[in-house]
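Engineer: Join the two chains into one complex using the hints; note that each chain is given alone, in its own frame.
This is what each chain is made of:
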Amino acid sequence: MVLEWIYDLTYALLKPFKKFLKPNSFAEKAMISIEKVGKGVVFDCQMCGQCILHSTGMVCSMNCPKNLRNGPCGGVRLNGHCEVKPEQTCVWVKIYEGSLASPKYGSEIMWIQPPVDRTLQDSSSWVNLLHGIDQKMKTVWQTQDEKDALEPIFRGSNEKE
Amino acid sequence: MKKNKSSMSQLEQVLKSGRFAITSELNPPDSADPEDVNRAAMILAGFCDGINAVDASGANCHMSSMSICALLTRVGYEPVYQISCRDRNRIAIQGDILGAAAMGVRNLLCITGDDVSAGDQPGAKPVFDFDSIQLLRTAQMMRDERVFLSGRKITSELPLFLGAAANPFVLPYDWRPKRLAKKIAAGAQFIQTQYCFDVERFREYMRQVRDMGLHEQVYILVGVGPLRSYRAANFMRTKVPGIVIPDEIMDRVKKTPKERQQAEGKKICVEIIQQVREIEGVAGVHIMAYRQEELVTEIVQEAGLLPRR
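As you go down the protein sequences, you meet chains A and B in turn. With the first letter of the first sequence counted as 1, position 152 gets the number 162 in this note's numbering; the numbers rise by one all the way through. With the first letter of the second sequence counted as 1, position 13 gets the number 1238 in this note's numbering; the numbers rise by one all the way through.
One or more of the hints may lead you astray.
Stated by the list, open to error - Within a straight-line C-alpha distance of at most 27 Å, the following computed DSSO-like cross-link-like pairs (lysine-lysine) qualify:
#1 B/Lys1492 with B/Lys1479
#2 A/Lys29 with A/Lys148
#3 B/Lys1350 with B/Lys1464
#4 A/Lys146 with A/Lys49
#5 B/Lys1464 with A/Lys95
#6 A/Lys49 with A/Lys114
#7 B/Lys1350 with A/Lys157
#8 B/Lys1483 with A/Lys46
#9 A/Lys46 with A/Lys32
#10 B/Lys1378 with A/Lys148
#11 A/Lys39 with A/Lys29
#12 A/Lys157 with A/Lys114
#13 A/Lys146 with B/Lys1492
#14 A/Lys95 with A/Lys28
#15 B/Lys1479 with B/Lys1464
#16 B/Lys1483 with B/Lys1464
#17 A/Lys49 with A/Lys39
#18 A/Lys95 with B/Lys1350
What the hints assert, rightly or not - Chain A is nowhere near these chain B residues, computed Cβ spacing over 10 Å in every case:
#19 Asn1252
#20 Pro1254
#21 Asp1258
#22 Gly1301
#23 Asp1399
#24 Ala1406
#25 Gln1499
#26 Thr1522
#27 Leu1531
Rather than coming from a laboratory, the hints here were simulated on the basis of the structure. Cβ coordinates follow ideal geometry from the N, Cα and C atoms, glycine included.
Isolated chain B, as found in the complex (with noise of 0.2 Å):
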């Protein structure tokens, strides 16, 4: 790994000691409420290294990933801020880089995100002034030459660990492993995928990826999640960009009787957690549980991770 300052991220020092990393992904709340917030991270904080607030994913409007952070830091959990290029222009991201540092934020996710047309309000205006690359690359000269884009300097220490996503799971396939060389020279450090269900896929990514060296400049987390139902996993396959679901899956969700689709999603999850560990170059894994957080902790529990600490 490329020698950096400490950025006094926990969840850098996790996977620095080579110990198996747990990030998990708070849900947004539709509230004004910050106890929606703090039930959630309690639940999570317990064997999670990071907790992701997530920037209105899916392009719906939620609690924005920024206030999570400030409370998510108030109370000293540890999280791990996404910024998506598509509500915000280079000005305004490069303010909110700074204060989330100032608010004791080290873990930094620099995603495209969703497309508006994903979201419920679908005429909102994309801004899209930056791509990832271009994000991370901003976000890594702020960090190491203290500069803003424009050459003006920034007058303190940035202390940040930088991340990214990776979906191995969509075309074009080759280029998938090109695109997390250009992430790591742009400045990731570590990464965290899109929902993996499809384990030969991923197994596949990986050896491109160990074959390029690349599993040792970067720290990579695997998506993964429980599926709710057949309706949800159906929704999700074919509503949310991005997430492949293959059909042996679908077809054992949609055999298990509805009532115990939930146990079985949780189970598949739970199967491929044990699958993931096991390839060469994984170094934790990024549970995603939407509305089933309480489902993570038996997650975590079944696919023997704990003891955590």
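Okay, chain A solo, but in the shape it has when bound (with noise of 0.2 Å):
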């Protein structure tokens, strides 16, 4: 999926210059005000500041009305549809299709996300990434060996069909 490319280009581009954009820096305002065009026009980024885009199949999961970052509840309606805003499509539907199309990330989709850190709303995803601000929970949340043996079961069962 071209989204997929586009995230790993801007990560190799902004990777160089990590020591330059530092948390709190004036080079992270000038990053928060980009991310908030530039995600925001795209995903409707909701500055959640802990960006899991590529884990979600490039639909960001904080526009689900309940936050959830780890699948759809079970008030998906028969139509698709949300069961909050009937109006509007479940994000997680989105981002099940999403991940489906995304050959290289699509089944990060099976990760136990962590609860949100809300003291880092409105700050530059791409700088907390970068500087591993997004991931410092004391406890360990997940390990690598669990990621490992949940990411076949995305792609598994579907091949069956």
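Structural biologist: In structure tokens, the structure reads:
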């Protein structure tokens, strides 16, 4: 998917500038504006500051009215629309389809995403990613082994059909 | 099944022994009268391995699940403490889990919860600090690692049997078994499903679950319940999120004269229990009889689930 490619490219472009893109710096302020506009227009970004777009089929999970980051609730309507906002398609229905269409990161939908760190709201998700600020939980939330075990499940059962 | 330290949960013991389990739901009173809880619990406790204390289901305010658990454990009944993510943040929830365990609650059901818009106070602030999977993982971490999310130590054992909900009847169908796999990884040891009226859909779901070997990692209790009338069925179908009732069942109730609709609803429920019981990987049923608790006894009897002990 093109969006996966853009994600990789952005990461590659920003990585060399890690030492300039510091938290609370002028550069971060600039990044915040860029993210607000760029991701705002494309993904209706909610500026949670801990972006997991590539793990959720390039659809922003924070647009789910319940802010669910690990999958759809049980209230999806028969037409695939949202329980809370009947006029809109369930964000997680879109995420599932997006993930199926994402060959590189799609199976990361199986990761167990940690609770949102509300202190990062309105900060730059790219700065937080480069400096590991978006993963600073004091407890081991999910091991790499568990991620590796869960990921194959995503495509596995689809092939059978 | 994964080897876990015993939670001292009776429900877990029954499931481990391979007996067909029955859980049911206590309709939470709109009163401050403990007798309302005791009376309902007395009917259910006779044949239930666990009684769900629901957490403001449908986002309607009733006596809280924590207090119902307190009343139930006082008299020695086995509650399933439902925690929804809608009304409380992570600080409140972690504290409640400790408190519940201290009162003798051994079963926890972690659910996302219906949105506030489904209830009679839609102006309330929805919390959703956790989602159900984050709640499960947190409870698992508290029990197994004995720490809060912050890493701070918990100074005692926390014997808990962890459960989650599943809804095989809504989109995306293919995602539902995968979501189950995620919930199992996050800590779910038992599952109570949404109301099953579409047995064919459920059969297909279970086929996928078995293909993935998930039925050997979690105990699945199928949600069932009697439709009270055509009107009630129509309400559930259109107003309660996540409940799917196929046209054939709607027609069957509609064609029945009004005064016999409740009996027909009960009959349908009994038939569904008998059908799902035959499906490989089904460990029990979860009977939800909203404001019809007295019917649960008859349903259990007519479905051939007696004697229990």
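Engineer: Now tell me, hint by hint, if it's right for this structure.
Structural biologist: Now the hints, each set against the structure:
1. In summary, the hint linking B/Lys1492 to B/Lys1479 is supported, as the alpha carbons are separated by about 14 Å, within the 27 Å threshold.
2. For the hint pairing A/Lys29 with A/Lys148, the CA-to-CA distance comes to about 24 Å; that is within 27 Å, so the pair holds.
3. Distance hint between B/Lys1350 and B/Lys1464 is fulfilled; the C-alpha atoms sit about 20 Å from each other, no more than 27 Å.
4. For the given pair, A/Lys146 sits about 23 Å from A/Lys49 by alpha-carbon distance, which is consistent with the 27 Å threshold.
5. The straight-line distance between the Cα atoms of B/Lys1464 and A/Lys95 is roughly 13 Å, inside the 27 Å bound, and the hint therefore holds.
6. Of the supplied pair hints, the one linking A/Lys49 and A/Lys114 holds, its CA atoms being roughly 20 Å apart against a limit of 27 Å.
7. Using a Cα cut-off of 27 Å, the hinted pair B/Lys1350 and A/Lys157 is violated, with the two alpha carbons roughly 34 Å apart.
8. For the hint linking B/Lys1483 to A/Lys46, the alpha-carbon distance of about 58 Å lies beyond 27 Å, and the restraint is violated.
9. For the suggested pair A/Lys46 and A/Lys32, the alpha carbons sit about 18 Å apart, so the restraint of at most 27 Å is met.
10. For the given pair, B/Lys1378 sits about 12 Å from A/Lys148 by alpha-carbon distance, which is consistent with the 27 Å threshold.
11. A hinted pair counts as satisfied when its Cα atoms are at most 27 Å apart, and A/Lys39 with A/Lys29 qualifies at roughly 15 Å.
12. Restraint check for A/Lys157 and A/Lys114: satisfied, since their Cα atoms lie roughly 15 Å apart, inside the 27 Å limit.
13. Simply put, A/Lys146 and B/Lys1492 have alpha-carbon atoms about 54 Å apart, too far for the 27 Å limit, and the pair is violated.
14. Between A/Lys95 and A/Lys28 the alpha-carbon distance is near 40 Å, which puts this suggested pair outside the 27 Å criterion.
15. A distance of roughly 18 Å separates the Cα atoms of B/Lys1479 and B/Lys1464; the hinted pair therefore holds under the 27 Å criterion.
16. This hinted pair checks out: B/Lys1483 and B/Lys1464 have alpha carbons roughly 21 Å apart, not beyond 27 Å.
17. As the CA atoms of A/Lys49 and A/Lys39 are separated by approximately 15 Å, the hinted pair is consistent with the 27 Å bound.
18. A distance of roughly 16 Å separates the Cα atoms of A/Lys95 and B/Lys1350; the hinted pair therefore holds under the 27 Å criterion.
19. Residue-level check passed: B/Asn1252 sits 20 Å from the nearest beta carbon of chain A, beyond 10 Å.
20. Remark: the non-interface label on B/Pro1254 is consistent with the geometry, its nearest Cβ contact in chain A lying 25 Å away (cut-off 10 Å).
21. No Cβ of chain A comes within 10 Å of the Cβ of B/Asp1258; the nearest lies about 32 Å off, and the non-interface call holds.
22. Listed as a non-interface residue, B/Gly1301 keeps its Cβ farther than 10 Å from every Cβ of chain A; the least gap is roughly 32 Å.
23. Under the 10 Å C-beta cut-off, the non-interface status given to B/Asp1399 relative to chain A is violated; the minimum distance is some 7 Å.
24. For B/Ala1406, the condition that its CB be more than 10 Å from all CB atoms of chain A is violated, with the nearest at approximately 5 Å.
25. No beta-carbon of chain A comes within 10 Å of the beta-carbon of B/Gln1499; the shortest separation is about 25 Å.
26. At roughly 28 Å from the closest C-beta of chain A, the C-beta of B/Thr1522 stays outside 10 Å, upholding its exclusion from the interface.
27. At roughly 31 Å, the least C-beta separation between B/Leu1531 and chain A is larger than 10 Å, which holds for a residue marked as non-interface.
Of the numbered hints given earlier, the model fails hints 7, 8, 13, 14, 23, 24; all others are met.
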